[in-house]
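Asks: Residue numbers (full-length UniProt numbering), protein chains in the order written: chain A, 1 to 421; chain B, 1 to 421; chain C, 1 to 421; chain D, 1 to 421.
Calculated directly from the structure, the hints in this document are not laboratory data.
These figures come from a predicted structure and were not determined experimentally.
Some hints could be false.
Pairs count within a copy or across copies, as identical chains cannot be separated in the list.
Said to hold, decoys possible - Straight-line C-alpha distance at most 27 angstroms; calculated BS3-like pairs for lysine-lysine:
{"no.": "1", "residue 1": "K13", "residue 2": "K42"}
{"no.": "2", "residue 1": "K135", "residue 2": "K13"}
{"no.": "3", "residue 1": "K135", "residue 2": "K177"}
{"no.": "4", "residue 1": "K238", "residue 2": "K50"}
{"no.": "5", "residue 1": "K238", "residue 2": "K177"}
{"no.": "6", "residue 1": "K13", "residue 2": "K278"}
{"no.": "7", "residue 1": "K278", "residue 2": "K188"}
{"no.": "8", "residue 1": "K188", "residue 2": "K50"}
{"no.": "9", "residue 1": "K238", "residue 2": "K42"}
{"no.": "10", "residue 1": "K177", "residue 2": "K278"}
{"no.": "11", "residue 1": "K135", "residue 2": "K188"}
{"no.": "12", "residue 1": "K42", "residue 2": "K188"}
{"no.": "13", "residue 1": "K188", "residue 2": "K177"}
{"no.": "14", "residue 1": "K13", "residue 2": "K50"}
This is what each chain is made of:
There are 4 protein chains.
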Amino acid sequence: MTIPSHIIDMLHKVRARFQIEPIQERMLPSDAEFTTLRPVRKASVSSVEKYWNRLQETASPMDQNALADPLTMADPDVFSANIENFIGTVKMPVGVIGPLRINGLNAHGDFHVPMATTEAALVASYARGAYASTKSGGISTALLYEGVIRTPAFVFDDLLNAGMFVEWVVNEIEPLKAAAESTTQHGKLVSVEPVVDNNIVFLICRYTTGDAAGQNMVTIATNALCENIAARCPITMKAWYIEGNFSGDKKASFLGLVTGRGRKVSASVTLTAEVVEKTLGTSVQAMLDYGQVANLGSHLSGQLGAQAHFANGLAALYIATGQDAACVAESAIGITRMEPRGDDLFCSVTMPNILVGSVGGGTSLPSQSAGLNILGLKGAGKGSALAEVAAATCLCGEISIVAAIAAGHFTRAHENLARHR
Amino acid sequence: MTIPSHIIDMLHKVRARFQIEPIQERMLPSDAEFTTLRPVRKASVSSVEKYWNRLQETASPMDQNALADPLTMADPDVFSANIENFIGTVKMPVGVIGPLRINGLNAHGDFHVPMATTEAALVASYARGAYASTKSGGISTALLYEGVIRTPAFVFDDLLNAGMFVEWVVNEIEPLKAAAESTTQHGKLVSVEPVVDNNIVFLICRYTTGDAAGQNMVTIATNALCENIAARCPITMKAWYIEGNFSGDKKASFLGLVTGRGRKVSASVTLTAEVVEKTLGTSVQAMLDYGQVANLGSHLSGQLGAQAHFANGLAALYIATGQDAACVAESAIGITRMEPRGDDLFCSVTMPNILVGSVGGGTSLPSQSAGLNILGLKGAGKGSALAEVAAATCLCGEISIVAAIAAGHFTRAHENLARHR
Amino acid sequence: MTIPSHIIDMLHKVRARFQIEPIQERMLPSDAEFTTLRPVRKASVSSVEKYWNRLQETASPMDQNALADPLTMADPDVFSANIENFIGTVKMPVGVIGPLRINGLNAHGDFHVPMATTEAALVASYARGAYASTKSGGISTALLYEGVIRTPAFVFDDLLNAGMFVEWVVNEIEPLKAAAESTTQHGKLVSVEPVVDNNIVFLICRYTTGDAAGQNMVTIATNALCENIAARCPITMKAWYIEGNFSGDKKASFLGLVTGRGRKVSASVTLTAEVVEKTLGTSVQAMLDYGQVANLGSHLSGQLGAQAHFANGLAALYIATGQDAACVAESAIGITRMEPRGDDLFCSVTMPNILVGSVGGGTSLPSQSAGLNILGLKGAGKGSALAEVAAATCLCGEISIVAAIAAGHFTRAHENLARHR
Amino acid sequence: MTIPSHIIDMLHKVRARFQIEPIQERMLPSDAEFTTLRPVRKASVSSVEKYWNRLQETASPMDQNALADPLTMADPDVFSANIENFIGTVKMPVGVIGPLRINGLNAHGDFHVPMATTEAALVASYARGAYASTKSGGISTALLYEGVIRTPAFVFDDLLNAGMFVEWVVNEIEPLKAAAESTTQHGKLVSVEPVVDNNIVFLICRYTTGDAAGQNMVTIATNALCENIAARCPITMKAWYIEGNFSGDKKASFLGLVTGRGRKVSASVTLTAEVVEKTLGTSVQAMLDYGQVANLGSHLSGQLGAQAHFANGLAALYIATGQDAACVAESAIGITRMEPRGDDLFCSVTMPNILVGSVGGGTSLPSQSAGLNILGLKGAGKGSALAEVAAATCLCGEISIVAAIAAGHFTRAHENLARHR
């Protein structure tokens, strides 16, 4: 049995779907007629209706009503700056945890954190972690660093021209910085580092972005920088690209782990032994013991850092507060640590890639805005505090899941809460 | 200037937030009183109201109405199997792309794909990719493999006991498999592989999960397997854990890239030169040239595979169809390739970690169910087709963004569509 | 100072090497005449002499004598099966550590381990670890797994053909296995796993290789397998390659970490508190504390696993015993763990990629053969024991360096031992 | 067959080695007596003889003579600064390739490169690449960057103290730099970057190291920096460590790939179509086609960058020239690229982690010194040129192996050259 049996089983399953002849046709391109509806940038009742006329082949009026409900249809244009081809809204349930006490550099006070998810047990688990943390005096947080990067790429004939280009950029950095910053009120270009691979040069352009998450801001600023280079640089260039797929935008990368992208926050709490026992139903030693195994698992499976489920907390918070849910892919990396402190348990998370804003993106949409308001973190001057809330929330989730797995409760929680479906 | 200036700047920013004395207090634990509302598992009008009474310190009645709107409050219990501490629903706008022609092993036909996002330009970009693909005859797709893994860990005194444990498991695999499968109608344990690190053994338990994404299913099945081991295995065990943080659940990992987790799908299309020029506004050669640079960027920044923005398409589709948005963290890895085929452009994505289900999770909620119905992929027998749709959608996004960056349009699209906010 | 100053400094340094005009010429291709000496496969006194005639432009007679010394020149042909264009031998100093007590599945007894290096302090450090381990009763070792992989790649027109190819291979696996194994007396093809990326298929062919390291053996066997496929498979193939750069041969990879390549060995010892204090000059707690920090460092810098300096021990042992020193690149990954056991310190290494043989490669050369004889591990039936010795040796190095850093002695050791040069 | 059969086979193999009772004893610690010979730092004829008296249990007089040959024993003390417990020298055969024409920023001319290896076919393969490169006008090289890092770690009670520590370091950077540089004539501390993980701070200390590889130099300098901090810093520290296992010393890491460690060099050549056909026996298109597959393999197996076998060239050159062979583990990462240039083939390597010196380490030993002299690169002022030679040599190896695999010759070469053994 040289081929693993599950691979053979899978092959049979695939095979069962077709006889050679038909499937060949099935997978071939087809030039059957089709018509695409005209793209819609500004949503209106009638534009939505047009789409649903098209969708009625598969979807029912009930489906239409679930997305294009009367409240949504009262003013579809409210969503026009955030989406195209609008057909309604999906309703993601929101639960709340808290009060979560945060003793932070930027966030300070007792917060209720809205979390949007359809995964049963998630909110309950984070709520438990929040209770344990608050009971232990709250979570200390600090924004350690910020900087969103864009990494345009420039292609030359050879290494010599690439080198001369780097020299030119270094000498011209002030006007280039001015060009970039001319496009934005809040963005500042704080660092440019060239990375050369023979005839190709990437520029790691790092910006602070005020209270916005800032991905668009840095794209536009970097584009201006690139166009300024293209207009003035005397070195012959074969091509330039606004992004060399180097920045880690929307994807986990070791660059992000090593140098950070977005806001880097650390959060910690020392749970008392009593809280671990009474609230979490386990012991400090049991959590530490599991922590060793979990750390080993993270190494052996090739993760970026070591943590349990940052993605759960981040996705729930990002969605509830109008952040970009796709950024979970890059944000869900970092480090969770647990260590003894006398009889108590020190727990920390350090997250180098939190992408959040208290302005911009989806933050102005009504229900997302409400999410930020629940936190008291909508608008100017709140971006850093929001990042600290994100990290503190993730720490609650780490504490709760580690306790649950250490105590053997993990499965039971999911069984009880999810099996009703 | 041995310390990089942006680090010094950041330090000054942090420093400006406090004078040493006050901040020390600010970051210390506090034992001020607090009260947590009773956890709510079954949502009702009154349970929601109770939460909002608490939230009114920060949130306004308008905020309450945005989340706990009349339609949501008509029957809050509909969400009880998916969330705890329910306070309302966040409304994420949904746009639609299509028809997207898919010539797949499992998905076959012209699909309209609902995408939930607040990122302007995203839907327009994917729609463009869908148009180009369909114009070129559609996207071929195939589910190549499936298997959701859970990786319990077992701790022993020493290597010798760990080795004897592995032997016991191998000999007892049939009853263990039976124990695992007794908990589930659809889940099948298809492979168990031990990984030994001295006195610790991880078992990579791989399941097929029918039409569900299956994370809960495999947790419950694996728990039964572990309890069966714990009850019968004669080797002295120091501890066992349902998950050794090895499976890559909710996080990007090289294990997932190498062996797959969830459903592995490959999707491809050969775009005609004419479509590249007329629809995408660039040339085959320009896209290939950029592809080389983007590939280099992915290597140099330490990504898992090489792709542009799977996360955008996945997050939008997952949210619109009731999938677990946190799984974007693990799903957004894989490979995008572009190669010349005569004058035309072959484009493919291969995604080893798609976590979707046509049943279970959030798929039964009204608006999420509508999302699946738009695709015609709700319910039993549709899970594999849904995974193929996910990959085909991501391929559309890859095509569009690569074309945009190659043509220099990327920034303009974001500028035009997002700057209205 | 947007550009980091060390980058500017570096640029000035580079800049100082040229004025634009001259350097352009300096880096251009040149078509000046040159003559290459005829390649030599079978070394002789006269072939060596011819090379040195050529080398005398730069090298002196003393240099010639250092490499082509009289003992080497007594029979240059002894090296002919291991090198081409032979000009002499480099003399790497060898030190010995031990007795190192190994209580292993395959290696059993008190070993003296030869280590070849030019790095001062290395042998002394490993010797200290060996003494501490032996004093604590010796190191337990077990070969857990073995399998050298080759991963040929096959390219097809499209995914459909790739799928049909996989099916063909699965059905034909027995004759393919026979073809592969017909080339070798000791190699066995134990597993074949296909990995599909759209139209490209990699076959992970895993072999046991008897007592040889086996890289050539698996190359030749896999070539036979591929040629058998090429001769008989009816699916149209665009190309096939003996290696798709997937196997991790001669390079660190997560595939190797996850699935192993070569021999996987775990080794452990529990050091008594007394040994830690008296022999290592530190305390169990100090070593554990440093272990936590070192583990964090390994995560944050993106290493493959977590260990201190496997490469030192491996390179020294590989060179001294005729193994392939280039394999250090792939072998130097894995896990070192330290944990308290009562008052004592449990230490383990698990190394998934040890590439060693007690036959083949450089093992028959006189001084390399002597290295194996010192271990008592030359020839048939000793490959597994040799792998266990490698892991045990690395464990000694881990213990010693962790103790040195924990105690603050690390620098002093290097200062004292290396500064004489 | 839920457990893969090769795992079951392996288990049986392991099982066959013991009956439960005996093996338990076999793997237990033993307190049998043992005596370790006194460590020897200064080698002499009599110290070597003492060791061999001990080794005669396993090794024969012939073995002794192979290592402790008359030439080596003429003056064993010559090795005392490079090794402890000296018992002789291992003789690694050296082959030479060239002339290799290098048109470099630092290396310039036609070089003969000595390579020490016991892997048949390696020298022949690199020689072929050198011939093809020189025939095409030679390889352009440039040292792009240099900087060896050490990363001490500092542990505090909490995040607040960690933050205050970072501030203190930033303010005191000048005296700290002076303390570090006071220990070395050639080392310069060019950058310090703090990385904070809650209460733990790593300082990435980056040095230029003149013409030495510099690992000891930066250790000693960083130790002085740390001791200066420890003596003067008013923030309470729980511990500090000279190395937080963060620098990537002796191991592959993404930090090294992203930021470089040691010397970063890029090397390139454009091979004419004629050379590809006549010298390499394949075509430009065939090499490009294989390059695409090889790149995919590197992604899917989780390598650091994408290259074929840098480790072979590096190990052979490092050993032949007295470099630290263990550094192959960190140096063997980076990027190989091949692209069409009209009808010709552009090939480049960019290697961010070359660790070489023209002084220090093993460079003064007689036969290693001869290796450097063959290159004309011994002594002060040659370190950068040596790094360029290393990259150029690796490029030759990449060209040759890619051509061989593309042409289907790879296996044959190994078969012919290695099978004589």
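Asks: Hints the structure violates: just list their numbers, smallest first.
Replies: Of the numbered hints, 1, 2, 3, 4, 6, 7, 8, 9, 10, 11, 12 and 14 do not hold.
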